[in-house]
Amino acid sequence: MTMPQHLLSIILFTPLAGLAILLFIPSSQRTLIRWWANIAAGVGFLVSLPLILNFNKALDGPQFVERMDWIPSLGVQYLIGVDGISVLMVMLTTVMGFIAIFSSWDAIKEREKEYYAMFLLQQTGMIGVFISLDFMLFYVFWELVLVPMYFIIGVWGGPRKLYAAMKFFLYTLAGGVLMLLGILTLYFQHLSQFGRPTFEIAELMKLNMPLGVQQWVFWAFFIGFAIKVPMFPFHTWLPDAHTEAPTAGSVILAAVLLKMGTYGFIRFSLPLLPQASSDRTIVTILAVLSIIGILYGALVSLVQQDWKKLVAYSSVSHLGFCTLGIFALNKAGISGSILQQINHGISTGMLFLIVGVIYERRHTREIKEYGGLAHVMPNYAVVFAIAMLSSAGLPLLNGFVGEFTILQGAFDANRVWAAFAVLGIIFGAAYLLWLYQRTMLGEVTNEKNKGLPDLKWREWAMFIPLMLWAVAIGVYPKPYFDILEKPVARIVERVHAPAVAAAPAVKSLEAVSR
Amino acid sequence: MSAYYTGNDHYVLLPALLLALFGCAALLFDFCDPPGARRRRWALFIVVLGELFTGAALFRQQTFLMANGGALTAFHGALVIDHFALFFHWIFLATTLIVALMSYRFFELKDESHGEYYGLIMLAQCGMYFLASGTELVSIFIGLETMAITFYVLVGFLRTELRSNEAALKYLLLGAMSSGFLAYGFSLLYGLAGSTRLADIATAVAARGAWDPFVLLAVATTGVGLLFKISAAPFHMWAPDAYEGAPTVVTAFLAVGSKAASFALLTRILMGPLGPAREAWMPLLIAASLLSMTFGNLAAVTQTNTKRLLAYSGINHAGYMLLGLVAGNATGIQGVLVYLLVYAFMNLGVFLVLASLSRQGLAGDDINDLHGLMKRAPGHALFMLLFLVSLAGIPPAAGFWGKYYIFLALIETGHTTLALVGALYVAVSVFYYFRLIKAVFIESSEGDVPALATSFGTRVALGLSGAATLVIGIYPEPFLRLAQLSISR
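Chains A and B supply the protein sequences, listed in that same order. Residues in the first sequence are numbered consecutively from 634, following the working numbering. Residues in the second sequence are numbered consecutively from 119, following the working numbering.
Just chain B, with the same shape it has in the complex (with noise of 0.2 Å):
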């Protein structure tokens, strides 16, 4: 260890460490093995032990904060591991290695068995890994793209079908753009704080105050690009037609993955070096929300395909995150992490039932292909009638939660009216979550229907986001506590 590389960096950096590795021995692993079934089995064995040391070396930095408190930074403040990007990290944790024992069979299914599928998810969450518990803007940056960039190529994955390939260019064309607005918005905030340091930056900013002319354009640039990231409107456009193209389960990546990770990134710009203009913000981000949950909503009604009403409904669910924000207090980036949690296994299970409907040259993704899922696989039919519960937020599933939050902290900053208006849409919300409810369970299927692609993995994978939505449901308390503890600084 010399003075650039600390005990203390490899300590903080050591996850991001083990995904690249093992991400990169799943790529290197295609030249091991001809195609085929071994090859796929040992991808995914590679995943889920890179994902248990990752989890072990989370595990540890945990222990270390819980016994000593405060955070720990390395490389001279460019990365920090805190509670915030703890909760973070398990998150994406969960979600690489749900979607990991997912994708298995349905590559399966669709003939494809390429590892470099399996490294590319891990190269992602190790780009997810730097938008959490980076503190720099270049390090941020370099996050952010090492997780766009996989995107891309994990949206076109399925190289045969057409609509992939749309998909994937319209998501590098649009994502490309909210990057140079983001590249764009960073270094105007370099050139404000003569730092990257996100630090320095809110020195600067502090000095400058919010309606300096510099400020607000950083602030514009820098919020339209993560707006997009996060697909809420109106920079919204990408969001359905890269969900309905990608493959199912890459969308559940994307819909999870990448919107946690982006969002712990605004957080903690908007909190961080942006805080002292927030009033700058705050109209910006009220727009947003209430575009997001107004268009997400309306939108989601009218859709026939289930993979483009799901990305309308993140679009709204995108519109109440916002919502915490903007009450910007302790409760409201509570809500915040607990949303993201909740939100990660809700969706994940909703896309894993979808997934498991889907076959070689059927997508599965229209709703009329949920008729009858009571009769099929009632199993299946009762996890996805959990997760849709959920996903419109009724008690006791642990959806709820998220909305409590969101709603307790408005009402605590007097933002009633928003307040008001988010409870209305939770209500036209319902509508278009119980049309899938009434498809599984009301609706009969018409004609042959091929059974459904389970295998073990994808049943454990289900089992963990019934399991983790009905249990945070009911009993919150533990995971409450995470997210309190990632708020106190």
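Chain A extracted, bound-state conformation (with noise of 0.2 Å):
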């Protein structure tokens, strides 16, 4: 099979050809609009195929790259490429964009052509931060995907949905600002050491800057990511976020906007700041945010009254462990961080879209309204039963592996940090359990629950791939490890690489400009 020339190219941007013709369907056409924004995303998924069957795991560094000039003046170049980690992103992307649009067929009975525009906007946003092996360009796609989350949750959410959209939007623009000037330093830096503009994060590499700079820098970048991942204490816009936004909105925030930040961690900290990132301190710091992260997130689960909220908060805790594993610093916690992160995008993915299930049939997601729904939908409680054990990492289904190996990674960077972590394994079992018990076993004890329909089958298409995934990644995990084994392996030794003896006088930010 021959490859394209411009296979990455292809998949950023067939969202966006799908957007462009979309706006050329009248918005009364509802039902075309819905066929064409499912096949693009359908179509978005299919270009990418080939990009994970033919990606080498073999080769070290990016692949696919293409590379043209964009800003020649400020030294920003159309650069992009995919290693082991945006590979899995991407595809993480691609899937999920492509169930998230799916699902929405009956649930959004208003303004879809705006709606689905938004979604596809959002896909090529979203590829395009995987992808980008040129900072700036990074950024761009970075604040791209902002706007159209503030849209889904602002237009089609819950009762608090302009409160939810306005807080998320603060919140994650905030951190990107901040964020740039984190860029912006480094950039200076390069124009300073090199004398040539540059946003190459290849280039960026070669710097060797003093502790305090990496430090301050890295310090900018934390906000940026912290905040989208979101690590405690920046996590208060997630569960307003996510509880208001439409059920495709939370799909998509929750599997793959998130690692937006987790990945913006492994991507440019730790190869970066090589030793800000394995400074004592800052690790010590980042592990113990993870850790408080992993227990708030799974105890505060523990009393939730509203479903979707109680889901939200899970993904505090479990986003806590992808953060604990990168901090890690060493094989197994990246990776298996890494894994982590396609799991949750799968199995939280799954526990939103089962929300929205109830949702479409009941309209109130409070956790005392239910019980006994297995006895009405038993399909559905088996879905949701899978859904739930992926999440709580039950052994053969992917949840499993991926906290395994984090931990695995956690026990040899520091015993303590693991002890923690597994005290956030037990709650995350307990909560998920209870909630599974409180909502599906015993009597049907509310009148408006008898007569329930089951999955119809556009819900069982949108689950069979998800469970199929997880089962997959639960019983044979090797081909990711694998595909991860040189990308980390390259990170993990340039952090511990030791830090250069006698850097090289570094102009100071004041003596350069004066």
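There's no promise every hint is true.
[To be verified] Listed below are several chain B residues computed to face chain A (Cβ distance under 7 Å; list not exhaustive):
#1 I529
#2 A537
#3 V548
#4 P594
If you're looking for bench data, these hints aren't it; they were derived computationally from the structure. Computed from a predicted structure; not experimentally measured. Quick reminder that beta carbons are idealized off the backbone N, C-alpha and C, glycines included.
Two chains, two frames, some hints: make the complex.
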């Protein structure tokens, strides 16, 4: 099979092309709009298949690289490419994006055209984030993602949608702008050391910066990424955004958008600022925040009355595992973290879809409204069980592999961390099982729940691929670890390389300008 | 051509001459034709024709500079055409043209049909010409007053509307005061140097040093006068009232044209004659910038009137641009230029949409008037989204590149704290821009809402500003090149 030359660009711009055509369909043609959006997203997924099929995991460094000058006077390039980490993220995006759009078929009944337009725009933004090898290009895509999500929450969301959408936007934008300051500092350092303007990540990695500058840039990045993840204490926007967003919005938010933050840590913070990222104080702070996130998220999930909010807080807990794995700074931790990001996308995506299914039928998310649903909707109960167990980390399902590998890494780094993280897993099992018990098991106590229809074929169609994927990772995770082997080894090597002795006298910020 | 008016002088002065001539032609046209649609059409035609000729003259200057480099001076160093000035002349030209196009329908609906309006905006542009090109205090001051006086008239142009009158009076009083400050500062500078040419003043100021009491006094008075004109806090009080009361199209012109011209002058004076006194004006500028961002942002958050909101947002933007001057290096100046360029298009665009909401007896400037715009006029709504996102500085809209340069310049010069403050205020500003976006896209309109006031002209104007905002955002390279040229001396 021959590979098209601009495969990555095709993957990147397919949703945008779909959006361009969508704009010409009149708003009254509702069925056509839905069909077209699904086709565009489906094609978006299909064109991403050659990427994973042709990806060579034996090669080091980025593949499918495309390079073009974009703004030469600033040194900004259109430079894209994928390594093992980003290829998985791209696949996650195209799959979850398709499923999210597909799941909206019946749920969205007003302003469909704008709704699907926002999703397609967002697809391009998210893919762009994961494949950019130029920091400014990355930043443009990073910010591009915000606007569609604002509208998805703000227009099609629940009762407090305006508050939630604004909070989401303000938090992530503030983080993004601070990150921009960090990017500009790197750019300027490179300019003064090498005399050439560039935002190319591979070039920026050649920088030799004193620890002080690295630390300040690290914290600037940290704010941007930690808000996105979200890490404790920047997580407060997440429950609001998740609870108010329409189902598909929550799915994309949990499955892909949050991963942009963790991806940022792995792609930028660690390799670009190796000394700062392995600085003892910083690592300790990050690990402690992650553990607080794990435990806090789990404990808060335990007391939620709202089904969707419970899933939202569980994300805080699960993402805590991901960041803990990253800052274990070893192979097991980082590759476990990346796998767990995929897992979280699958299982939490499923959990949000499950909430969406019941919400479409009953229009309430209060847990106490339900109970005994397994009698009325047996198939639904089975799907929920699988999603729940995958999220709780049952062996032979995907969550187990990820969490186990992260724990391994954390254990190597610091046994106390691992001990606390295990506690988080136990809490996780507790709130999920209790949720299941309260909603699915027992007798049907609420009259309104009698006679609820079970899963429709369309709902089956969105769950089956995710369930298969969850089982596949759980049973045979080796391909994922293989694909992650090289890039993760490179990052670990870089972080643990001894600091270059006697760094060349880097001109201080003030000295260069005057 | 005599010794007092050489070919070179003519070449430099030509665009201003054309503007004055066509402006007067539009004024005089009022006598030739009875009021009505025909008169309006002809007046607009005169403006477009005049701008075409001016554009051609500017283009000739541009090609000359590109080929020969350097700068063209005229009238014994009273005027200069360099890339810096040309950059601004293009901004003025685009602004005036867009304002003229959007005014046609606006005044038609207000039943105002005065050719003098079109004459005045061209004369204002003529005044701006001297602000960007002047290198001698008297010419600068005359240009400033030409611009200011036409604006006093324009702000009060709707004679029958009380708000317009009130705004004009306030603007006149405060504007006159700021002109007084400026004249005082200029006289001190003249006193220091014994010459009105900026180059001589620079030498005199350098000889005396930054902390000489007369230099300090001159810096303070000139600074206050100019900060007034760019509506930077704490000298911003006139802006919200003037913006709110003025006819929307004039507000647009005031917000963009007047601000750009005053910034051109501010940059030239601070980097030129007052350059040696940098230590003296730096704290003043930092304070003004921080105050502008703080007042502008915090006051904008609570506004319910769109034009007032944009006035405060303009104060905030002035604060950012001042940061570029605070950094004062090549990147910073370039940043001011790029910022003003993108600010012109995105701000004009927002006002264009607002102007199309206006009707006889209906101002259309309440935030509620924007409700449900997406349903009523999706095209306008999408343009509005683009402009607001750009004002908020979110890529890939053009506004981002302005902020990019400002932040980069601050980091280069080690003003990390200022950069942090500026970054955090971006988040605050997003709050009120998104209030407008929310009104347009999420809220729905109640009751009977009149259709939008559009015409071929307004659509062209909207298309121009929208295309510029998008193109500069996605492919800024040529525009950045132009800005780069203008700082290479």
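Outcome of the hint check:
1. I529: Hint on I529 (chain B): holds, closest Cβ of chain A at ~5 Å, below 7 Å.
2. A537: holds, 5 Å
3. V548: holds, 5 Å
4. P594: holds, 6 Å
No hint from the list above goes unmet by this structure.
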